[in-house]
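Go ahead and model the full structure; you've got the sequences and the hints to work with.
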Amino acid sequence: MPVLNRHYRRYDFEGDLEKALNRVDFFRIFHTMALRYGFEHFGVLQLINEHETSQLATRLMLHDLPAGLAETYDKRYRLNDSTLFKSFYRSTISTVWRSTDHFENGARDGSDFLDQIGFDMALSIPVHSVNGTRFAVLFLGDGDDIDRREHYEICYEAGCAFDYFHRQVLANKAGMGLTPRETEILRWISYGKTASEIALIVSVSEHTVNSHTATILKKLDVVNRTQMVAKAIREQIIQ
Amino acid sequence: MTAPVHILLVDDDPAENVILRALMRKVASYAITLHYVETVDGALDFIRAAGAPLDMILMDNRLQPQADFRETVPELRRNGYIGPVGVISSSISDAYFQKIDDYGVDFRIDKAELDPTAIEFILQEYVKRDAGAGI
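Protein chains in written order, with my numbering: chain A, 546 to 784; chain B, 804 to 938.
Hints are computed from structural coordinates only; laboratory data are not their basis. Heads up, some of the hints might be wrong.
[As the list claims (entries may be wrong)] Within a straight-line C-alpha distance of at most 30 Å, the following computed DSSO-like cross-link-like pairs (lysine-lysine) qualify: (1) 763(A) to 829(B); (2) 829(B) to 620(A); (3) 738(A) to 902(B); (4) 764(A) to 902(B); (5) 620(A) to 902(B); (6) 914(B) to 829(B); (7) 763(A) to 914(B).
Here it is, written out as structure tokens:
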């Protein structure tokens, strides 16, 4: 049963978005979107507030940058100091950055982030979730400037894709809100089974068990498996 | 310094092995060893072979004699494999691909979308190695 009715206009990308289940699916959607508009990479960046230290590696919720690039960036530079980062707190209008941009006096115009990360062009699209938390969808590449029509289109598409990504993957459901599979795994944990044993019992990978367990910890707002089971019993999720 | 990763490809078309091997060579941040078998039985033999390191299995969706991943992946799980499994297909839009969770599949990817960037992303997601730490 789709959550969104036809009034939420999603054009021809509705099919892909409705079918997306996990991070790999959203990776595919954003990655092909980047390539379609002449970029090479994308990143979904979480925006906290301007004066809190934001490291690229920890604020990127999903990205296709080469392994280690964000970590290397953080070792050498401070994302908070970049003109791009500061722009998120001046306006929510989409921005385009090119390494060739100069002021009339010849000074570089805000291409510090591009020089540091090693691309010629960046497009940022500020977005937000239904509960008001802020993010920016970034596209990076070495191509030519984006034209007006393509810019409009990618902003709309990225906004829609982010909305699904947030609701499907990032949103932490209100209250306990465990899914049937999470409840099942919680029950096995309460029986003293290890992650690898549970993987065998419910026929999923150990990775999936661990990721469900991490989600349960977050949803129950607890710090370890012992507290998880204790709280689950108190909340009568399990007997 | 690149992290070593072992991937098992299960595909009845040897050409896919050649193509994927070429793709894997372009992944800079992991040293990927691609093992190749043609059938689920071959995969089970590989898993059972003592000491064979294995970080991930990539499966073609349709493998003889089974029908599709709904039969092949549970077979792997029943035999004790608990690592990540990805299903590769040229058409992942069929309705039953929405049920990957129920059959023990971690992710699905279209053959056309499998490029070096996608492989690197999947390895970062599912194979927790400190790739790039030495850069």
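Results for each hint:
1. 763(A) to 829(B): At roughly 37 Å apart (the allowed maximum being 30 Å), residue 829(B) and residue 763(A) break the hint.
2. 829(B) to 620(A): holds (26 Å)
3. 738(A) to 902(B): holds (25 Å)
4. 764(A) to 902(B): Measuring from Cα to Cα gives roughly 24 Å; hence the hint holds.
5. 620(A) to 902(B): Roughly 41 Å separates the two Cα atoms, so the pair is violated.
6. 914(B) to 829(B): Holds, because 16 Å separates the two Cα atoms, which is no more than 30 Å.
7. 763(A) to 914(B): Cα-Cα ~34 Å, so violated.
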